[in-house]
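One line per chain: the protein sequences are A and B, in this order.
When we follow numbering that gives the first Met the number 0, the leftmost residue of the first sequence carries the number 0, and every step to the right adds one.
When we follow numbering that gives the first Met the number 0, the leftmost residue of the second sequence carries the number 0, and every step to the right adds one.
These aren't lab readings, by the way, just hints derived from the structure by calculation.
Among these hints, one or two may not hold up.
[As the list claims (entries may be wrong)] Simulated crosslink set (BS3-like; lysine-lysine; CA at most 25 Å straight-line): (1) K69/A with K28/B; (2) K43/B with K159/B; (3) K8/A with K153/B.
Predicted, not measured: the structure shown is a model, and the values here were computed from it.
In case you want the letters, here they are:
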Amino acid sequence: MANEKSHTKKFEELCAGYVLHSLDEDERKEFEQMLEGATDEEQQLYQSLASTANQLAFTVERDEPSDMLKERLMDEIRSGESDEKISGTLPQSGVESKENDEKSGFSWQAFAIAASFALLIVSLSLVFYSFNLRSQVSNQKTRIVQLKNELQQKSEMLSILGSRDVDMVIMSGMEVNPNGYGKVIWDPKKQQALLQVSNLPPVPKNKDYQLWLIKNNKPVSAGVFATNSQGDNFFKIEKMAQASKQSANAFAVTLEPKGGVPQPTGDMYLMGNMK
Amino acid sequence: MIIFILLATIGKMIHGDSDDELALMRRIKQRDADALEELYDLYKRLLFGMVISIVKKREEAEDVLQEIFVKIWNKADSFNEERGNVYSWIVTLARNKAIDRIRSKGYKTQQKQSVSIHEPLFSLETDKHDPMETTIFSDRAELVKKALTEIPEKQSEVIKIAYYRGLTQSEIADYLDIPLGTVKTRTRQGMIKLKRILGEFITNDG
Chain A
0 MANEKSHTKK FEELCAGYVL HSLDEDERKE FEQMLEGATD EEQQLYQSLA
50 STANQLAFTV ERDEPSDMLK ERLMDEIRSG ESDEKISGTL PQSGVESKEN
100 DEKSGFSWQA FAIAASFALL IVSLSLVFYS FNLRSQVSNQ KTRIVQLKNE
150 LQQKSEMLSI LGSRDVDMVI MSGMEVNPNG YGKVIWDPKK QQALLQVSNL
200 PPVPKNKDYQ LWLIKNNKPV SAGVFATNSQ GDNFFKIEKM AQASKQSANA
250 FAVTLEPKGG VPQPTGDMYL MGNMK
Chain B
0 MIIFILLATI GKMIHGDSDD ELALMRRIKQ RDADALEELY DLYKRLLFGM
50 VISIVKKREE AEDVLQEIFV KIWNKADSFN EERGNVYSWI VTLARNKAID
100 RIRSKGYKTQ QKQSVSIHEP LFSLETDKHD PMETTIFSDR AELVKKALTE
150 IPEKQSEVIK IAYYRGLTQS EIADYLDIPL GTVKTRTRQG MIKLKRILGE
200 FITNDG
């Protein structure tokens, strides 16, 4: 234990002198040997003492070399004369060249790590990008299905208009919403109708509009619908209650609990009589 | 491109190097002479001050300074961003060169008569403000100067002589007329204390 401690002290002593470049030749060599077999802790001490010594340079009193020197130096550099003509031994050349070897090896390793890290990021972004693309494609597909459905609806509605015998009832807004209006274009033979409403307020969450056919003075449900925020909508009504022009008196729209009710209970929004 | 940005970011995170210096070193590695000129302008006063305090003569110091930058140019490839910062690399290289010069046999015989060890040492206390000085160094300088005043004077004395004058411990023992063992002990104690005081400002990369 005591031996170990004195070794540490000796190491510290030589180390402090070494980083200041103030050891004699034989001690310098002794320390360099010591450093090769040094523990991690001792290596670390060496590193931090070397850093400490380097900090001392900050306090050196600055001095300005002559301008000529810069010219001389840059001439030498630019003419290429200086390339690799460095020779001679440095006090620490042994350690330095070893460090240099280590450094260049380490550099490749670090480069490889950084490169793989970069590759990982690139791959991750590609994966993310492809997920994004996939979700975009899926969104587009959904949109296409929506549009197809819409188109089909529209063409079905138009087919109602194209029928030979259609009746049209114009409905006007009632007291609760005087600006509203609507039309029912009705093909009694096919029992289909096309409903168009405008200026109706959007339906509350738990409500629906319900279309009534007033037949022999009795209201018969012709279906429920909900308006969008623009309040301008077309609806196709399948299986319109069987009624002839003669037996039907009128159409009306009321606001009812969601899903509709057998008999009208809510406020009447639109009403139009058969002519 | 991504790799480059990544490397730069990692390097900066680890070492806190100034972007400018790192960028300059990268350009020097690619044989950009203008970059070396910029680095020279950035470091010339610090390094020249350091070298002249060791070799004493201006012509000699200019010669060494030129050698230092030629070496930076030629050995730029051995500078490793992952392992150390630009400042440490350059300062270590410069000191090696300067001390190399004064310990070479020819230099010693040539200088023996002309060097007076009694000429004033460094003027740490004079605070010559130079508006041209880059701010990179000045804050650190204050910290280190302060740290040097916080350790016992006898310890800072041997450290200062060793660092600023480039004397060996035996030469310091002769100069101060104290036993070599005392120089060693004071150097060790002083450096360990300095390390503790400056610890938070030092990265382990040297």
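Quick rundown of the hints versus the structure:
1. K69/A with K28/B: Given that 25 Å is the threshold and the Cα spacing comes to 20 Å, the pair holds.
2. K43/B with K159/B: holds (21 Å)
3. K8/A with K153/B: holds (19 Å)
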